[in-house]
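Trainee: Chains as they are written, first to last, in this note's numbering: chain A, 47 to 335; chain B, 47 to 335; chain C, 23 to 406; chain D, 23 to 406.
Think of the hints as simulated: they come from the structure by calculation, not from any bench.
The structure displayed is predicted, hence computed values, not measured ones.
One thing to keep in mind: the hints can contain errors.
Chain D is faced by these chain A residues, among others (derived, beta-carbon under 7 Å) [to be verified]:
| id | residue |
| --- | --- |
| 1 | MET47 |
| 2 | PRO146 |
| 3 | SER148 |
| 4 | SER199 |
| 5 | GLY200 |
| 6 | THR201 |
| 7 | VAL228 |
| 8 | PRO244 |
| 9 | GLU247 |
| 10 | SER258 |
| 11 | GLY281 |
| 12 | THR333 |
Positions of the beta carbon are idealized from the N, C-alpha and C atoms, including for glycine.
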Amino acid sequence: MSILIDDRTRLLVQGLGRDGAFHAKLMKEYGTRVVAGVHPGRGGSMYEGFPVFDTAAEAVEKTGADCSVLFVPASAAGDAILEAAHAGIELVVAITEGIPVSEMSRVVAEIETMDVRLVGPNCPGLISPGKAKVGIMPGDIFDRGGVGVVSRSGTLTYEVVRSLSKAGMGQSTAVGMGGDPVGGMKFVDYLELFEEDPDTEAVVLVGEIGGSDEEDASRFVAESMSKPVAGFIVGRTAPPGKRMGHAGAIISGGSGTAEAKVAALEAAGIPVADVIDELPDLLRKRTGG
Amino acid sequence: MSILIDDRTRLLVQGLGRDGAFHAKLMKEYGTRVVAGVHPGRGGSMYEGFPVFDTAAEAVEKTGADCSVLFVPASAAGDAILEAAHAGIELVVAITEGIPVSEMSRVVAEIETMDVRLVGPNCPGLISPGKAKVGIMPGDIFDRGGVGVVSRSGTLTYEVVRSLSKAGMGQSTAVGMGGDPVGGMKFVDYLELFEEDPDTEAVVLVGEIGGSDEEDASRFVAESMSKPVAGFIVGRTAPPGKRMGHAGAIISGGSGTAEAKVAALEAAGIPVADVIDELPDLLRKRTGG
Amino acid sequence: MKLEEFQAKALFRQYGLPVPEGLVATRVEEAVSAAERLGLPVVVKAQVKAGGRGKAGGVKLVRTVEECREAASGILGMTIKGYPVERVLVDPAQSIGSEFYVGITTDRRKRRPVLMTSASGGVDIEEVARSTPERIFFHTIDPRYGLRSFEARGMAFRLFDSKEQVLACARIMVDLWRCFDGCDASLAEINPLALLTDGSLVALDAKIVLDDNALYRHPDFEELRLPTDEERKEQEAKRMGLSYVRLDGSVGCMVNGAGLAMATMDLIKHLGGTPANFLDIGGSSSPEKVVGAMKLLMRDSNVRSVFVNVFGGITRCDDVARGLVEALGSMGDPPPMVVRLTGTNEREGVRILSETGISATSDMTEGARRAIGLAEAGASGGAS
Amino acid sequence: MKLEEFQAKALFRQYGLPVPEGLVATRVEEAVSAAERLGLPVVVKAQVKAGGRGKAGGVKLVRTVEECREAASGILGMTIKGYPVERVLVDPAQSIGSEFYVGITTDRRKRRPVLMTSASGGVDIEEVARSTPERIFFHTIDPRYGLRSFEARGMAFRLFDSKEQVLACARIMVDLWRCFDGCDASLAEINPLALLTDGSLVALDAKIVLDDNALYRHPDFEELRLPTDEERKEQEAKRMGLSYVRLDGSVGCMVNGAGLAMATMDLIKHLGGTPANFLDIGGSSSPEKVVGAMKLLMRDSNVRSVFVNVFGGITRCDDVARGLVEALGSMGDPPPMVVRLTGTNEREGVRILSETGISATSDMTEGARRAIGLAEAGASGGAS
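The whole structure should be built from the sequences, with the hints applied where relevant.
Mentor: Quick look at the structure:
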């Protein structure tokens, strides 16, 4: 098992431009069941052995795709997320960065009323090692195992995973959830899934400054999780004042700084690593392994 | 019993201008439990023995109102319907006429996702004789009884009711649902309620040209109603060509004319009166009374 | 409010829709110089608010200045379905490959806007809808979100194969939605949307009907009003809070409520008479309104008798009675009249009328029958 | 993109929000003539993108031409929180009764815009939020529907009692929403919203931050860009697809990914060094981008060593390596550098670097440690 994606996932790739085509190929090579592509105007053609359609609706109808990954430009990405959702896709993974917040908040308000999950945008995607990769991460750094990883960052996730793998700790699923102000699933959503997943034994949470998602996660871990969790927070040296006027400060209350996040995690009994390479040891102590 | 309103209905009057104030008084005199008014800027005052509030939310919270009737100008009516719906009102009756269709279609799209019913707009409201009146109809022409009346028209409803009352046929509930292109409940919704209401023995449906609501009602009566229904359709002499370009014709198909509606009703076994005064006899024949 | 083609095209242009750059002319020489400016050949098109102008000879393709002069002078003198042609639109002629249909209106059943398209555009789209409905595609628009690109693309793929045309058509659909929504239209229609031989798409004709209830949001639309004589009367009525449509009969009707007004007309017809008009004096009626309504009726020389049918609800019978008394007092030669008054403040209304010697019946059928009788008597009197 | 007060007020005005009709001046005499045109007394306000300008003496009420000249010349020479004041806004002085706060931003937790208001407006609104949070009211906006009148009224009733002020304030809130939404802002804020002694409401100050990701939808906003020196550098970086923020340390960082960049800075600090900057070279990196990034780093004279930390995913290690080789080749005196390369095409990247004599480590901590050592050596070398 794993969360969200596995070897039964039927993947649709939306947008087969330079990046989309490149990563569609890599995902397929990793073993992901890429069943279709969508690229308006290229319907009827084939790419890397899978059929390409003009619309997501047709792709879903003809191939039974249940998950999609987006490589479309920022100006068209909100539309593409909704196209996938309305076509019946259950999990949409939006790699695209640079989508306006106003656009995302409308998209999110709509998909909240639908039966669809969103990972991202502005994220590397997710991987269930040995089963499926839906995103742009380098597959070879991941090992199959029992640690769930969820992170707001991209390359930082790789760094963490590499450290875990080196220490012999494989991953059930690793997710780069994206760092945009408004996006899809949050820490709590992933933690809930990891808690339920029989193959996940422990979780690493990688947070960063801004927002209050780590604080919410801390509460959830304290109240509802039985599995051990370790944390890592970046941004301790980030320059202050890169926030937005009074309103940002008012809405975030005291939260948002690295210190506040570390404090929240620790108060919830989650050990926080100072440097990435401490994470395997912290987990080992918690799991008694 | 009756449908939608009865002597337990707790009514809120939105808009206490000239018409709102006049009819609030008449509704109260009829015996309706008018528990509150809303008129921004007049919060804290009293009118005809009930308290006036600045917002619907406060009125509902303080008085437990569950039904509201709108006498606000067309430009503010969409907002007022939503205010009532978001305040937790279960039945909103919009008397206001002249609301733009674009506004109503947005309002309707939103309230469809909520637990609220809308009567109107551009309607006289509804009455459950002897129990409650929520609207502007002259109360004294209605008699308590077993005939449900539902009509797209205002004064025509009174005419029909008068004819029924004169023939000794009282009404369980009489509704003027309004004739705007986009509105709240439709014939089918009312027929469904009348079918379920133990006190309603028969139903009179008063339709008019335009739309396809009568055609939908005919299908519903044929398929799902056990109670006798009689119909009346106005607009046989209406000038043709008062429709909108090709699109109106395409979307309505053949329906929309008085002839098509009469044919649809008769095909569903619903006798249709040529003149209003025939209605009591048609009902009597159907009920065997 | 119906717009004429050239007005609709101007709005289309504002929303980025591709329309030919035509010129409007009210005189023949103006049309000729427009043709010269645009370059021949051009199409000269009658600007009227009625359909079927093509079949009526109101649209002409001309290749020379002489042809243009001839066509313009012919068309500017025409009357199409009762509408005199006061303006022509001179559009550059296009090299048309095929014709499509794209329109947005409100689907009353779904209570939402609906986009309709067909690869069988052109004048006979209604016939297509009747005989081969499967050739028309519908897409319901959620007004909260508007027409999205992916939805428009999905519809455009049903009409076109080439990627360029699909994307151009999808763009047109989205812009048509923006126009429909931005103008608070009841209808926005392109028929035909032409695929030219060079592969581009152009809105050859344009139809927009504005929602009268939303005009208050668009004060600038007031200048788009180019009323016909008939519309001018309806409009004047509207300003008084009246809704008036003239017909051909002899019994003038004054009724409160549209439904009851239609029922009254139906009843007159049913009893063998002919209604002269639809006239709804609406809800809260003041004496002034009744006076205005009466004057409006009397302008129609066909009217031989007047049937006033009022069921008081929000309308108060005493207001109506006072208005009638005032109106009759101010008229030199009032027509024969039958008044039926019932409902709110009925007693007071009847009292006011009886004081002035006007008798009122409470029965609608009886009232209608008497009005028909008076009209017939008046007609034979008028013929003598 | 942060706007200055006078720009935000101009946008406010477009959306119908009540703002004083002030004038902008870049020279002292301009400020004086602005004051004369507006009529004294006026307020002279430093236009800078930093808060706290009032406390820094950047806002002055003046009653005479002499006072105005003095204030303007003082303020136009100031530097507030590192920002030199290049412009002042001259606003007519108002007779203020009390001050309120109204702002809209995005609530990340609810993933929707949020309207915030308080009767305790003015400079210390953040202190109010901290110490008496119950004095701040929040209303989450559904972006599909926008802020509706009834919602705005509900919020306005919490600030005002008089019907006129409630309706005026509700109108302001709705217009502020339209401005926030129409401009794709991250923040639109009025602080203070002043209740004048004549009972009217005016936005005395205005703050707008635009969403950089949405600027492509607003080409006309480009002219609102009045960058400070620091912003100019960040912007230039952005044009190259780089995200750069300068700090005060000595170890220059070049990293792919914002998270890893922050982790790298944290690590340098943790190991006793000081990061010179945040620099994210982003996803798909080309050699040109790496050259540009390197040049950007070298402009900062504090930089004593450079730590390149790349974990290849979408970024390919060979691209980064080629860029580094090219950048170093084009530089006369390259700084001491430590390169850490791993991930996609790692082997090829390492090969390219080693061919040019640059050695790469695969361990981040080790790399950071060596970069700190080089910086310290460089600093003592530089001091000699």
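Trainee: With reference to the structure, classify each hint as holding or not holding.
Mentor: So, going through the hints one by one against the coordinates:
1. MET47: violated, 25 Å
2. PRO146: Since the shortest Cβ distance to chain D is 4 Å, the answer is holds.
3. SER148: With a minimum Cβ separation of about 5 Å from chain D (threshold 7 Å), the hint on A:SER148 holds.
4. SER199: holds, 2 Å
5. GLY200: holds, 5 Å
6. THR201: holds, 3 Å
7. VAL228: holds, 5 Å
8. PRO244: violated, 29 Å
9. GLU247: violated, 25 Å
10. SER258: Since the shortest Cβ distance to chain D is 6 Å, the answer is holds.
11. GLY281: OK, holds: A:GLY281 within 7 Å of chain D, min 5 Å.
12. THR333: Cβ of A:THR333 sits 24 Å from chain D, so the hint is violated.
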